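Asker: Protein chains in written order, with my numbering: chain A, 1 to 264; chain B, 265 to 693.
It is worth saying that the hints were derived from the structure and are not from the lab. Bear in mind that the values here come from a model prediction, so they are computed numbers and not experimental data. For every residue, glycine included, the Cβ atom is placed at its ideal position computed from N, Cα and C. Incorrect hints may have been included.
[As the list claims (entries may be wrong)] Label pairs and their computed distance ranges (CB to CB):
#, chain 1, residue 1, chain 2, residue 2, range
1, A, S176, B, R402, 33 to 41 Å
2, A, F100, B, L557, 47 to 55 Å
3, A, S4, B, E628, 37 to 45 Å
4, B, G494, A, G174, 26 to 34 Å
5, B, W447, A, Q105, 27 to 35 Å
[Unchecked claim] EDC-like mimics (lysine to aspartate or glutamate), calculated; alpha carbons at most 20 Å apart, straight line:
#, chain 1, residue 1, chain 2, residue 2
6, B, K631, A, E234
7, B, K631, B, E472
8, B, K600, A, D102
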Amino acid sequence: MATSKPTVAVYKFSSCDGCQLSILNMEDELLDLAGALDIAFFLEATRSARPGPYEIAIVEGSVTTEHEVARIQDLRHQCKTLIALGTCATAGGIQALRNFADSAQLATAVYAHPEYLKFLKTSKPISEYVKPDLELWGCPVNKAQVLEVIAALLAGRKPNLPAHSVCMDCKRMGTSCVLVDSGTLCLGPATQAGCGAICPAMRRGCYGCFGPAGQANTESLSGTLRGLEHYQGEAARLLRGISGYAPAFRTAADHVLEAAEGVK
Amino acid sequence: MKTIEVPAMARVEGEGGLFIALENGKAVEVRLDIYEPPRFFEGFLRGRYLQEVPDITARICGICPVAYQMSSALALENALGVIVSKEIRALRRLMYCGEYIESHALHMFMLQAPDLYGKESAFELAEAEPETIKRALRLKKAGNQLLKAIGGRSVHPVNVRVGGFYSWPDPTPLKALLPELEWGLDVARDAVLWSNTLTYPELEVDYEFVALHDDHEYGLMGGQVWSSRGRKLSVTDYEKAYIEEHVKWSNALHGHTVDGSTYIVGPLARVNLNHAQFGPAAQRAINEAKITLPLKNPYKAFIARALELVQFLEEAIEIIHGYAPTGPAHLDLTLKAGEGASASEAPRGTLYHRYRLDDQGLIEFAKIVPPTAQNLPRIEADLLALAPKLVKMESEAATRNAEDLVRAYDPCISCATHFLKLKVEERQA
Numbered sequence: 001m002a003t004s005k006p007t008v009a010v011y012k013f014s015s016c017d018g019c020q021l022s023i024l025n026m027e028d029e030l031l032d033l034a035g036a037l038d039i040a041f042f043l044e045a046t047r048s049a050r051p052g053p054y055e056i057a058i059v060e061g062s063v064t065t066e067h068e069v070a071r072i073q074d075l076r077h078q079c080k081t082l083i084a085l086g087t088c089a090t091a092g093g094i095q096a097l098r099n100f101a102d103s104a105q106l107a108t109a110v111y112a113h114p115e116y117l118k119f120l121k122t123s124k125p126i127s128e129y130v131k132p133d134l135e136l137w138g139c140p141v142n143k144a145q146v147l148e149v150i151a152a153l154l155a156g157r158k159p160n161l162p163a164h165s166v167c168m169d170c171k172r173m174g175t176s177c178v179l180v181d182s183g184t185l186c187l188g189p190a191t192q193a194g195c196g197a198i199c200p201a202m203r204r205g206c207y208g209c210f211g212p213a214g215q216a217n218t219e220s221l222s223g224t225l226r227g228l229e230h231y232q233g234e235a236a237r238l239l240r241g242i243s244g245y246a247p248a249f250r251t252a253a254d255h256v257l258e259a260a261e262g263v264k
Numbered sequence: 265m266k267t268i269e270v271p272a273m274a275r276v277e278g279e280g281g282l283f284i285a286l287e288n289g290k291a292v293e294v295r296l297d298i299y300e301p302p303r304f305f306e307g308f309l310r311g312r313y314l315q316e317v318p319d320i321t322a323r324i325c326g327i328c329p330v331a332y333q334m335s336s337a338l339a340l341e342n343a344l345g346v347i348v349s350k351e352i353r354a355l356r357r358l359m360y361c362g363e364y365i366e367s368h369a370l371h372m373f374m375l376q377a378p379d380l381y382g383k384e385s386a387f388e389l390a391e392a393e394p395e396t397i398k399r400a401l402r403l404k405k406a407g408n409q410l411l412k413a414i415g416g417r418s419v420h421p422v423n424v425r426v427g428g429f430y431s432w433p434d435p436t437p438l439k440a441l442l443p444e445l446e447w448g449l450d451v452a453r454d455a456v457l458w459s460n461t462l463t464y465p466e467l468e469v470d471y472e473f474v475a476l477h478d479d480h481e482y483g484l485m486g487g488q489v490w491s492s493r494g495r496k497l498s499v500t501d502y503e504k505a506y507i508e509e510h511v512k513w514s515n516a517l518h519g520h521t522v523d524g525s526t527y528i529v530g531p532l533a534r535v536n537l538n539h540a541q542f543g544p545a546a547q548r549a550i551n552e553a554k555i556t557l558p559l560k561n562p563y564k565a566f567i568a569r570a571l572e573l574v575q576f577l578e579e580a581i582e583i584i585h586g587y588a589p590t591g592p593a594h595l596d597l598t599l600k601a602g603e604g605a606s607a608s609e610a611p612r613g614t615l616y617h618r619y620r621l622d623d624q625g626l627i628e629f630a631k632i633v634p635p636t637a638q639n640l641p642r643i644e645a646d647l648l649a650l651a652p653k654l655v656k657m658e659s660e661a662a663t664r665n666a667e668d669l670v671r672a673y674d675p676c677i678s679c680a681t682h683f684l685k686l687k688v689e690e691r692q693a
């Protein structure tokens, strides 16, 4: 099809499909979006699939197999702009919990014949293999942010994405602090905004699914969290969750675990 | 040797391929190769704290996170021997209604309808049938708004915990959704009429249908497990009748009955087994559209989904009308060691969970049986039945027909990995 519209491909790696679904969940904008873009490859939405090169490739999921390593390297050559979509693509996702465990043992817990499986010992972000042009965090991503990124790319400008923490959003929204009020462990002070601070609004602590904020003082926070634990190991588990392989949270969890060892 | 290869399967959640082996022109073997990478959820759940489980298992599937959250919560509550209040149960049902509306609208109109119209995608269908797709998107949005009002967001909502909810959602935004849901109920009624006028590929199968059953409501959470072969069990005995096997070509486990036979879960099974528990709107819709039950054609899961849209829209409206939260939004749990199992009906079929806890509330063992793992052997059997027809077709047409069948099941390969490259291999006898 001859067209001047930018070609876009949406690819899936190891993931739950939720971030791609966030694209399909733009109910009000989806048809306009499909009109403004030349969707060349998006298996969740269409069976017509064209090979690269693409102007924009959007990648959901983390890299967990040799095949995916080859695929992401190939895709990097096939596109001008590579967007890592969601916390699997930016930090390895929940399946990166295998990076802290013996993956062979994990496989045995699920499968009768682990020898049938082909997988890497780690689940890693796209950036550990190729350089993405943009990383959009979230588990799942915020669809308004996806739209902003696409609109910015089409207009040739820099996307306007928040750099502050969830904590700031709570203050703006007038949500009283769950950490101060009820001693609930919360990663809000160290987590990137973008979700709308929904967890504290529901009276629970933030679990960091949008990844660490740029200026996060995770050291000070992890000390506070350890002091508020309701059960042993709560702070380390909170840090080592959805975004647990993101460097700032990874280091903070290590410190918390070391401190706990020291007390013993 | 003749080999035909086609691109990965579209409009399903996750990735896989289809392999058909021929001997003297006759199909002898059909395999769905699932190459969606394994993620080992049951492995890394071990050692996690029970309240983390609903947030972690939600990430198994972005399309039906509520199903994972509910099955987790129900199984863990069974392990602790607690039962939630009627109010909490009603809100759980309402949240599940949101997921059904969103997921069924997505699957019917955006994933399966393009097949029934011979189109490549909903975008292409939107050019031919703009009003249908616009209505579908609006309906899907209503489901997502309901999820957001209860759970903070539609994908991986954050309000579900073992024992109930973190907090009662504000009634105002819920009540504000009523007009949109009333509109949706009309759209769903029309969709039932429309669904029964479409032409479906011919294939009637004597399936064993399996679904949760409740005498007093449309089976959704816990209760009994009924089979169309007459088997009735408590949900906690699920594994006594239905087991999983690890086959070489698939990162998704394969389910079968203890007798080794295939069975299917999902909308066809639910509607066939539980239509007597439908509310007045869905009962009327069956009569108005003159639908003959049971439905035994896998493509007609489309009709079953349309009926369920009516059911869950009607229920959502009813629950919101009665929503006046009182008492605590969740139980205070006393930790103790134990084991518990339960299941709930994900939009694509029965989702069973079993957990063992230690006395500190940490997971010692987790087992999750997703719907697609249970349906895979049956999908393969259906494809084998379809194979004589497929091998006479051109490669493109054969792929398309095979894909249409697989898509009709609404498989969630991400959940089950546990889609489609068609490879036909001609073997010498």
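Asker: For each hint, tell me whether it holds in the structure or not.
Answerer: Evaluated hints:
1. Range check, S176/A to R402/B: about 36 Å between beta-carbon atoms, so the 33 to 41 Å window is met.
2. As the Cβ distance of F100/A to L557/B is approximately 51 Å, the hint placing it in 47 to 55 Å holds.
3. In this structure the hint that S4/A and E628/B lie 37 to 45 Å apart at CB is violated, the actual value being about 59 Å.
4. In this structure the hint that G494/B and G174/A lie 26 to 34 Å apart at CB is violated, the actual value being about 58 Å.
5. Between W447/B and Q105/A, the C-beta spacing of about 52 Å breaks the proposed range 27 to 35 Å.
6. Restraint check for K631/B and E234/A: not satisfied, since their Cα atoms lie roughly 23 Å apart, outside the 20 Å limit.
7. Distance check on the hinted pair: K631/B and E472/B sit about 23 Å apart at the alpha-carbon level, beyond 20 Å; violated.
8. For the suggested pair K600/B and D102/A, the alpha carbons sit about 28 Å apart, so the restraint of at most 20 Å is broken.
Violated hints, in rising order: 3, 4, 5, 6, 7, 8; the structure is consistent with all others.
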